[in-house]
Structure formats: C-alpha cells, structure tokens
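Model the full structure from these sequences, guided by the hints.
Going line by line, the protein sequences match chains Y and V.
My numbering puts the first residue of the first sequence at 1, with every later residue one more than the last.
My numbering puts the first residue of the second sequence at 1, with every later residue one more than the last.
For the record, the hints were derived by calculation from the structure and aren't laboratory data.
Warning: the hint list may mix true and false statements.
Which chain Y residues face chain V? A few, computed with CB under 7 Å, are given here [said to hold, decoys possible]:
1. Ala34
2. Thr85
3. Val110
4. Val111
Some chain Y residues flagged as far from chain V (calculated, every beta-carbon gap over 10 Å) [to be verified]:
5. Gln10
6. Leu29
7. Val43
8. Leu62
9. Lys64
10. Arg65
11. Arg72
12. Thr82
13. Leu91
14. Met148
15. Trp174
16. Pro180
17. Phe189
18. Arg200
19. Ala205
20. Glu209
Where is the CB? At the ideal position from N, CA and C, for every residue including glycine.
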Amino acid sequence: MTRQATTPNQDLLRGIWRENPVLIQLLGLCPALAVTNSVANSVAMSAATMFVLLGSSFLVSLLKRFVPGEVRISTYVLIIATFVTLADMTLEALVPTIHKALGAFVGLIVVNCIILARQEAFASRRPVGRAMLDALGTGAGFTIAMLMMGTIREVLGNGTLLGYQVFGAAFEPWVVFALPPGGFLTLGFILLFLSWIQRRRAEQARVREWPEGVGERRAA
Amino acid sequence: MGDLVWIFTSAMLVNNFTLTLFLGLCPFMGVSARVSTALRLGAADTFVLVLASLAAWFLNTFILEHAPYLRLISFIIVIASLVQIVEMVIKKVSPALFRELGIYLPLITTNCAILGLAIFQTNRGYGLLQGLAFAIGAGLGLTLAQTFIQHHEGVIEVESQPGRTSFRIVLPLQ
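Structure below.
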C-alpha cells in the first residue's frame with residue numbers, strides 16, 4: 001500500500017473507513033473492548049490516542065533521517081511512551097474521574113499496536129505533512145469505532161447516553177453490555193453487521209457489472 | 001497472607017487478564033492450534049510477568065519516587081531489556097530450555113499484559129510479595145484462558161437459506 005504513490009486525500013481518508021484500524025484491521029482491540037462501557041470513556045480514550053498518534057507520527061517523520069534502522073522500533077516506542085505520558089498527565093489534570101475510570105488503559109496506549117504500525121508502515125518513510133494526515137485519518141477511524149462501541153454499550157448496558165436517560169425509568173438495563181462479555185458481544189455484532197454490508201455491496205456490484213449473467217460468471 | 005491469596009486468585013480467575021481485562025488478546029487469538037504450545041507459552045508468559053513485576057517493584061521503590069513522569073518510559077525499556085538479557089542467558093546456559101520457552105520471549109515482551117501488570121501493580125500500590133502473587137496469578141490466568149479455548153473444541157455453525165437463518169452452537173461436554 002505505502003509503496004504506491006497515494007494522494008493526500010487517500011492518506012487522510014484511508015484510515016477512517018476502508019482500512020479502519022479497529023473494524024477492518026482488528027488492531028487495538030484492547031482499548032476498544034476494555035474502556036468502551038460508556039461514551040465519555042470512549043471519547044477520552046480516543047482523544048488521548050489521537051494525540052499520541054499525531055505527536056509520534058510528527059516526530060518519527062521529522063527524525064526519520066537520524067534514526068538508525070537497527071534501533072528504530074525502540075526509538076518509536078520511546079517516542080510513543082513520551083507522548084502517552086503527556087496524555088496521561090493531561091487527562092489526570094483535566095478530567096480526574098474519567099482518568100480514574102480508564103485506569104491502566106491510558107498507560108497501555110504505549111503498546112497499542114495501531115500506533116506502532118502507523119510509525120513503521122507510514123510515518124517513518126513519508127514527509128511530515130503526509131504522516132500527520134495519515135495519523136489524523138487513523139485516529140478518526142479509531143474514534144469512530146470507539147464511539148460505536150461506547151454508544152451501543154452505554155445505551156443497552158446502562159439505559160443512558162452521556163449520562164442522560166434515554167429509555168425512561170421503566171427500562172431494565174442489559175447490564176451484561178456494560179460488563180466485559182458485553183465488549184466481546186458488541187464487537188462481534190458490529191463486525192458481523194459490517195461484513196454483511198460488505199458482502200451485499202459486492203453482490204450488488206457483481207449484478208451491476210453482469211446484469212443478466214451473474215450465474216455464468218459464478219460458474220466460470 | 002490472606003491478601004496474597006486473594007490477589008492471586010483474583011488475578012487468575014475473577015479478574016482474568018484475558019477474559020475480563022482484555023490484556024494479551026493477540027496471542028489469545030493467534031496461537032490456538034495446539035495445547036502443548038499453549039502450556040509452553042503460558043509458562044513463558046508467567047516467567048516474564050514475574051520478571052516484569054520484580055522490575056516494576058524495584059523501579060517504583062528505589063528510582064521513580066521523585067520522577068513519576070518517567071514511569072511508563074522506564075517500565076517499557078527496563079522490562080524489554082531484562083527479557084532480552086534473560087533470553088540470551090537461557091540460550092547460552094540451556095539450549096533445550098531455549099527451544100521450549102525461549103522463542104516465545106521476544107513475542108511476549110510486546111504483549112500488553114506485561115506492561116499492564118506493571119501499571120496495575122503500581123496503581124494498586126502492591127509491595128514485593130503482593131506483586132509476585134499478582135504476577136503468578138495473572139500468568140496462570142492467561143494460561144488457563146488459552147488452554148480453555150484450545151480444549152473446548154466447540155463450534156458455532158451458521159446455516160442460511162432465503163428467509164431463514166439458523167445458528168447451532170456445539171460445546172462437547174466430555
């Protein structure tokens with residue numbers, strides 16, 4: 001992918017949907033499952049991850065000429081850990097309750113494979129501007145996935161959205177969705193739904209391409 | 001003593017790293033072909049977790065008191081280097097053990113369960129012995145989750161016809 005010439009537009013948009021880090025590439029499942037039991041937590045986690053992505057892509061792309069190949073991974077990890085420390089302390093100062101709810105998972109952004117993957121596959125061989133676009137797109141894709149998970153789990157598991165009641169007092173929350181198994185269930189259903197859409201699209205494209213000859217093409 | 005037992009069982013069962021904290025999912029999904037692999041990987045996991053726990057305790061107690069902002073950076077460097085050193089020692093001292101366990105060590109270092117253990121241990125203020133109980137419990141918990149997945153041999157079958165879809169979940173009980 002990265003070896004072909006891409007336009008700035010592609011660099012930005014790729015990560016958001018077509019190569020979504022969580023929903024398509026299945027990277028960074030730890031945070032996507034662990035801290036998405038409410039929308040507020042998802043937002044804080046996404047913001048922190050976006051910040052780390054932008055910061056480390058910027059620095060890695062800027063320093064790419066000075067980092068020897070043998071120690072590049074350790075260098076990336078150090079750069080990432082520095083930005084995670086910044087994000088961790090900022091969250092602690094601004095939103096202490098959410099920081100407490102996220103717990104160890106803010107620190108664990110260091111080992112989020114989405115970030116290291118973008119450094120190794122993209123930022124380390126592209127100019128700064130492109131690296132930032134890629135980080136922005138990837139961060140947005142991560143945020144979308146986190147928000148999908150967070151919304152479904154908070155509405156079903158707690159009957160609220162951002163803390164406000166949505167169903168009225170009579171609703172009995174499906175507590176399991178706020179608990180760890182709910183994370184696995186929600187992700188499973190989202191992936192199922194997406195692959196269903198993808199298959200339907202492929203089917204429709206085939207029908208458009210071969211209006212009366214779908215069967216023949218299959219046979220061939 | 002009581003709290004050590006509690007920390008140990010909690011890390012192994014109630015708050016299992018894989019099943020409730022979602023740590024170490026990558027090998028959980030990836031290496032699930034053979035039971036013997038799972039056991040060896042589990043043993044290597046436990047070993048690295050204990051190392052990480054000791055390293056984190058040492059850093060927290062003697063070095064990081066006045067520089068808490070260096071915690072993440074120093075954890076990740078110290079643990080990675082320590083595992084690397086141990087890997088070289090094992091390779092030199094016991095090639096047989098290296099073939100059994102050693103090949104998994106570099107993989108495990110990048111596993112989020114390791115850094116997770118160090119951070120959880122710090123956040124909860126565990127001492128040396130509590131940290132060790134936590135690490136061993138977490139390691140056994142990872143092994144348990146992994147072998148369980150390989151042993152249960154369950155399948156989910158989906159059958160779809162126009163207008164009708166049926167799911168069949170098979171869990172062998174023997």
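Outcome of the hint check:
1. For alanine 34 of chain Y, the shortest C-beta to C-beta distance to chain V is roughly 4 Å, which falls under 7 Å, so the interface hint holds.
2. Among the interface hints, the one on threonine 85 of chain Y holds; its C-beta lies about 5 Å from the nearest C-beta in chain V, closer than the 7 Å criterion.
3. For valine 110 of chain Y, the shortest C-beta to C-beta distance to chain V is roughly 6 Å, which falls under 7 Å, so the interface hint holds.
4. Taking 7 Å as the C-beta cut-off, the interface hint given for valine 111 of chain Y holds, the closest approach to chain V being about 4 Å.
5. No beta-carbon of chain V is positioned within 10 Å of the beta-carbon of glutamine 10 of chain Y; the least distance is around 28 Å.
6. A beta-carbon of chain V comes within 10 Å of the beta-carbon of leucine 29 of chain Y; the shortest separation is about 5 Å.
7. Listed as a non-interface residue, valine 43 of chain Y keeps its Cβ farther than 10 Å from every Cβ of chain V; the least gap is roughly 19 Å.
8. Against chain V, the non-interface label of leucine 62 of chain Y holds: every CB pair exceeds 10 Å, the least being about 19 Å.
9. The Cβ of lysine 64 of chain Y lies farther than 10 Å from every Cβ of chain V, with a closest approach of about 21 Å, so its non-interface assignment holds.
10. Listed as a non-interface residue, arginine 65 of chain Y keeps its Cβ farther than 10 Å from every Cβ of chain V; the least gap is roughly 23 Å.
11. The non-interface label for arginine 72 of chain Y is consistent with chain V: the shortest C-beta to C-beta separation is roughly 14 Å, beyond 10 Å.
12. Against chain V, the non-interface label of threonine 82 of chain Y is violated: not every CB pair exceeds 10 Å, the least being about 7 Å.
13. For leucine 91 of chain Y, the shortest C-beta to C-beta distance to chain V comes to about 13 Å, beyond the 10 Å cut-off, and the non-interface label holds.
14. For methionine 148 of chain Y, the non-interface assignment is confirmed: its Cβ lies about 17 Å from the closest Cβ of chain V, beyond the 10 Å cut-off.
15. With a least beta-carbon separation of about 18 Å from chain V, tryptophan 174 of chain Y lies farther than 10 Å from that chain, consistent with its non-interface assignment.
16. Not every C-beta of chain V lies more than 10 Å from that of proline 180 of chain Y, the closest at about 4 Å, which undercuts listing it as non-interface.
17. Non-interface call for phenylalanine 189 of chain Y relative to chain V: holds, since the shortest CB-CB distance, roughly 13 Å, exceeds 10 Å.
18. At roughly 13 Å, the least C-beta separation between arginine 200 of chain Y and chain V is larger than 10 Å, which holds for a residue marked as non-interface.
19. Distance to chain V confirms alanine 205 of chain Y as a non-interface residue, since its nearest Cβ pair spans about 20 Å, more than 10 Å.
20. Look at glutamate 209 of chain Y: its CB is around 23 Å from the nearest CB on chain V, clear of 10 Å, so calling it non-interface holds up.
In this structure, the hints that do not hold are numbers 6, 12, 16, in rising order.
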